[in-house]
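Student: One letter stands for each residue in the lines below.
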Amino acid sequence: MSTEFLSMLQLADSFFPAGTYTMSNGLEALSKRKKVKADELQVLVRTHLERQVGPADCCTLGAAYESAKAGDIEGIIRADQALYAAKLVEEVRNASARSGANLVRCVAAFSNDALLAEYAKAVNEKRATGMHPVALGVACAALGIPKHEAGAMFLYSFCVGMAGAALRLGVIDHVAAQKMLHELGPAITAAVKENVDKPLDLMWQFAPAIDITQMEHEQLDSKMFIT
Amino acid sequence: MAKRVPRVGVGGPVGSGKTMLIEQVVPVLFSMGYRAGIISNDVVSKEDADRMRRNLATEKGMLAEDLVVGLATGGCPHTAVREDPSMNIAEVEEMESRHPELDLIIIESGGDNITTTFSPALADYFIYIVDVAGGDKYPRKRGLGIETCDLLVINKIDLAPHVGADLKVMERDAKAVRGNRPFAFVNCRTGEGVDKVARHIVRDVLFELPPKARAG
Chain A
1252 MSTEFLSMLQ
1262 LADSFFPAGT
1272 YTMSNGLEAL
1282 SKRKKVKADE
1292 LQVLVRTHLE
1302 RQVGPADCCT
1312 LGAAYESAKA
1322 GDIEGIIRAD
1332 QALYAAKLVE
1342 EVRNASARSG
1352 ANLVRCVAAF
1362 SNDALLAEYA
1372 KAVNEKRATG
1382 MHPVALGVAC
1392 AALGIPKHEA
1402 GAMFLYSFCV
1412 GMAGAALRLG
1422 VIDHVAAQKM
1432 LHELGPAITA
1442 AVKENVDKPL
1452 DLMWQFAPAI
1462 DITQMEHEQL
1472 DSKMFIT
Chain B
163 MAKRVPRVGV
173 GGPVGSGKTM
183 LIEQVVPVLF
193 SMGYRAGIIS
203 NDVVSKEDAD
213 RMRRNLATEK
223 GMLAEDLVVG
233 LATGGCPHTA
243 VREDPSMNIA
253 EVEEMESRHP
263 ELDLIIIESG
273 GDNITTTFSP
283 ALADYFIYIV
293 DVAGGDKYPR
303 KRGLGIETCD
313 LLVINKIDLA
323 PHVGADLKVM
333 ERDAKAVRGN
343 RPFAFVNCRT
353 GEGVDKVARH
363 IVRDVLFELP
373 PKARAG
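Residue numbers (the working numbering), protein chains in the order written: chain A, 1252 to 1478; chain B, 163 to 378.
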């Protein structure tokens, strides 16, 4: 067993302090509008994987990872800014930037990687936003975690976040949450395979119903989650 | 590098008076010249932040409206101030960079149970507030918040006779549990005892330094 494997567990663990437990990615607004059933939740998460966080976030993560491996800070910042610009919903955009900035600062506290430190500095100086997939891609490159595993970590953590939010919103129970995570396995691996090796200019997303729900969340008076 | 703005965490059970304490103590500090920003972790709404903004910023003009920020924490109030305070730290740092003139930033935790404590990375000083209506057993029952906070505040003392709570018992137990560390009886509705809380903040958080605005 390698230390890289342990680093992977560490960064993918919900104990890792990146603040993602505060996000429902629109699920809170949707569950206020209608009763969401367990099977509908799974369809929703799949749609995220196939049309939003897969082609946009996972693709950007891969591009940032490659830039990090090439020692190209400008490439990393380009990926960071491209994803920031692509996120249509302000709450979601800001939440991603905040959690990524937290992630990169935390990893910078225990990694000596010069490029990671440079990216953290760019985030602190507001030359980069700290988008979560970019931060994770750079951190994984610094810790020797392979790119496909980095993509899987990101998408799996996203699904855990959705499952956790659904649990707290009363949409599913703890066993149903684990069942869903298990059943999403093939969709996660497919989304990684399809997106993580693509160049940045092939990044896309198209999930207007999700965008609208996430915008609805911005208008809620009473809310438990930041997205 | 400029010194960071001192941070005071306020935690306590639901309905114990965290928001009211902040609404009372900020004007006392303001009258002494100190400027505070507020981050309010509300469990399900923006109500506390909205009320404080309306009261302290819009109506009293004691601080700019962007100095009262509400933060949702995914229903995990203790996680947001201890296990993973990263979202709160991000808010604090943003507020600090926008308003370097602040003397302190107050972070209100969402209402939680008696095990609440603040991460030392988030708060330099931790006030835990309980109220007498929960029963005079509270200090005796201990819990991390009551045991480890820098200042224990016991609120709603006017209700004691109505709920069968004995303040003498609470005082005795607070001393027994906390040793020499301070506690204060307050009534946040009338402001009684709040000056004592403000004095603790000025002495133990601000180290009696003059307000930044006055120090130039």
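Among the clues, some could well be false.
List time: in silico DSBU-like cross-link candidates among lysine-lysine, alpha-carbon distance up to 30 Å [stated by the list, open to error]: (1) A:Lys1372 x B:Lys165; (2) A:Lys1283 x B:Lys208; (3) A:Lys1372 x B:Lys374.
Just so you know, these hints were derived from the structure itself, not from any lab.
Student: Evaluate each hint against the coordinates.
Tutor: Hints and how they fare:
Restraint check: the Cα-Cα separation between Lys1372 of chain A and Lys165 of chain B comes to about 19 Å, which is no more than 30 Å; the hinted pair holds. Our distance criterion of 30 Å between C-alpha atoms is met by Lys1283 of chain A and Lys208 of chain B, whose separation comes to about 17 Å. Under the criterion of a C-alpha separation no larger than 30 Å, the hint pairing Lys1372 of chain A with Lys374 of chain B is consistent with the structure, at around 28 Å.
Of the numbered hints stated above, none is contradicted by the structure.
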